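Residue 217 in full-length UniProt numbering sits at position 217 of the sequence shown, with consecutive numbering throughout.
FYI, nobody ran anything at the bench for these hints, they're computed from the structure. These numbers come from a predicted model, not from an experiment. Don't take each hint at face value.
[Claimed, not checked] Lysine to any residue pairs mimicking SDA-like chemistry, simulated, CA-CA at most 25 Å apart: (1) K314 x K234; (2) K89 x E188; (3) K116 x S143; (4) K28 x R196; (5) K12 x E185; (6) K314 x L248; (7) K116 x G151; (8) K89 x D61; (9) K45 x D61; (10) K76 x E185; (11) K334 x L288; (12) K234 x V177; (13) K206 x G151; (14) K178 x N276; (15) K76 x E66; (16) K319 x D289; (17) K178 x K76; (18) K334 x I274; (19) K45 x E66; (20) K12 x L208; (21) K314 x S298; (22) K12 x T25; (23) K28 x I184; (24) K272 x L208; (25) K12 x S197; (26) K206 x E146; (27) K178 x T277; (28) K242 x I184; (29) K124 x D104; (30) K234 x Q293; (31) K334 x Q293; (32) K225 x D289.
[As the list claims (entries may be wrong)] Now the in silico label distances, taken between C-beta atoms and shown as ranges: (33) N285 x S91: 44 to 52 Å; (34) G157 x I320: 41 to 49 Å; (35) E188 x A273: 15 to 23 Å; (36) K124 x Q293: 47 to 55 Å; (37) N280 x C147: 33 to 41 Å; (38) D181 x N155: 20 to 28 Å.
Where a beta carbon is used, it is the ideal one built from N, C-alpha and C, also for glycine.
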Amino acid sequence: MQTILSHSIPLKLVLQDLAKEFGVTVNKECNEYSISIPANYGTGKITGIDFEDGLGLIFYDCTFLEDLQIRFIVDKIHPLKFIFCEQGKISHQFENQTSWHSLDVLDNIIVASDHKNGHILRFKSGVRTVVNSLEINREEFLSHRECSLEGIGKNMGDILKDTNASYPFYHTSLYSVKIADLFIEIDEFDEDAFLRSLFLESMSLKILINQILQYQDDLELPENKTVLRTSEMKLIKEAANKIDENILDFSSVHTLSQEVGMNINKLQNGFKAIFNTTVNNYVQNQRLDLANQLLRNSELSISEIVYRVGLSSKSYFSKIYKNKYGCSPSDIRKRQNRSS
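Working from the sequences, and respecting the hints, build out all of it.
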């Protein structure tokens with residue numbers, strides 16, 4: 001096991017420590033610092049940036065030749081950390097504890113050490129690991145804000161207000177689709193250093209907002225959860241496939257939610273996220289597509305088509321068909337009669 005030490009805060013100094021340990025130089029663009037992993041350790045890059053309000057972001061994209069741990073040990077209060085495993089796997093440990101917390105793909109932990117105890121991150125050899133960490137100097141962060149924290153829930157409010165690190169905190173979850181989308185935006189942003197700095201600062205706040213919303217959702221009863229996790233996207237696609245394959249037998253959103261094992265709120269949010277529509281509107285669109293095929297490729301009357309696809313009435317069908325296709329079903333039939 002190789003060990004790398006950092007004895008500094010904030011992230012600017014952390015990157016300088018890591019560069020010294022790895023025997024490389026620090027690259028600086030605007031206020032973003034980065035190092036490349038040297039070939040004798042592996043491949044990849046670590047990038048960090050601090051913002052004036054106490055927030056910071058550090059990104060790890062590394063493949064190490066041997067198991068490696070980075071020990072963040074400094075005689076100061078450590079930042080509150082929101083750690084997201086985007087690829088590979090990583091383990092976390094509080095400096096003063098013996099247990100390890102494992103993170104696989106899409107896992108997310110919120111960690112705060114007590115007093116001046118530090119953190120240890122352990123990377124597996126031969127595994128490309130992409131990890132993003134939002135870090136908060138709580139005292140500095142709160143000094144820039146005059147708002148009450150009561151509205152975000154007692155637990156999260158207490159964590160943020162614990163500027164003296166009086167107690168440790170650990171929470172694990174799967175991170176949300178919205179947070180995953182933010183990391184995709186960060187990966188794809190390719191502007192100059194000044195714009196990137198502004199962009200990352202705005203994204204750090206968006207990540208924090210969505211992390212707090214996700215934490216609040218974690219505390220809800222299963223039937224009341226609304227925040228969609230990336231790991232649940234396959235269930236949304238499974239639900240859509242069930243609709244597509246059984247469009248004529250679709251009964252209700254409630255039944256569909258039971259079949260895929262997801263509460264109705266999350267199911268609806270998932271359809272809005274992927275298809276930009278509700279479940280019922282998705283069903284209606286699929287029925288309209290089927291009706292359009294039958295209208296153009298069968299001898300069935302319009303009334304028979306309405307009945308066949310399970311729509312409520314001929315007049316309603318004509319209205320929604322025209323809204324989608326720009327002409328009425330009878331117009332289609334008239335054109336077919338003229339062409340024949």
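TODO: Please test the hint of 33 to 41 Å on the beta carbon pair from N280 and C147.
DONE: holds (38 Å)
Open item on the list: For K334 and I274, compute the direct alpha-carbon distance and say whether it is at most 25 Å.
Closed with: Violated. K334 to I274 sits at ~37 Å, over the 25 Å cutoff.
Open item on the list: Does E146 sit within 25 Å of K206, going by the straight-line distance between their CA atoms?
Closed with: holds (19 Å)
Task: 25 Å Cα cutoff - pair K178, K76 - done: violated (33 Å)
Open item on the list: With the threshold set at 25 Å, check whether the alpha-carbon distance from K12 to E185 stays at or below it.
Closed with: Roughly 23 Å separates the two Cα atoms, so the pair holds.
- [ ] Using the beta carbons of K124 and Q293, state whether their distance is inside 47 to 55 Å or not.
- [x] Cβ of K124 to Cβ of Q293: about 51 Å, so the range 47 to 55 Å holds.
Task: Given pair status - I184, K242, alpha carbons within 25 Å - done: violated (29 Å)
Task: Restraint check for K334 with Q293, where alpha carbons must lie at most 25 Å apart - done: Holds, because 16 Å separates the two Cα atoms, which is no more than 25 Å.
Task: Given pair status - G151, K206, alpha carbons within 25 Å - done: This hinted pair holds, its Cα atoms lying about 17 Å apart.
Open item on the list: Between the alpha carbons of K116 and S143, is the straight-line distance 25 Å or under?
Closed with: It holds: about 20 Å lies between the C-alpha atoms, which stays within 25 Å.
- [ ] Quickly compare the C-alpha distance for K314 and S298 to 25 Å and report which way the hint goes.
- [x] holds (17 Å)
Open item on the list: Tell me if the straight-line CA distance from K45 to D61 falls inside 25 Å.
Closed with: holds (5 Å)
Violation of the numbered hints given earlier is confined to hints 1, 7, 10, 15, 17, 18, 28, 30, 32; the remaining hints are satisfied by the structure.
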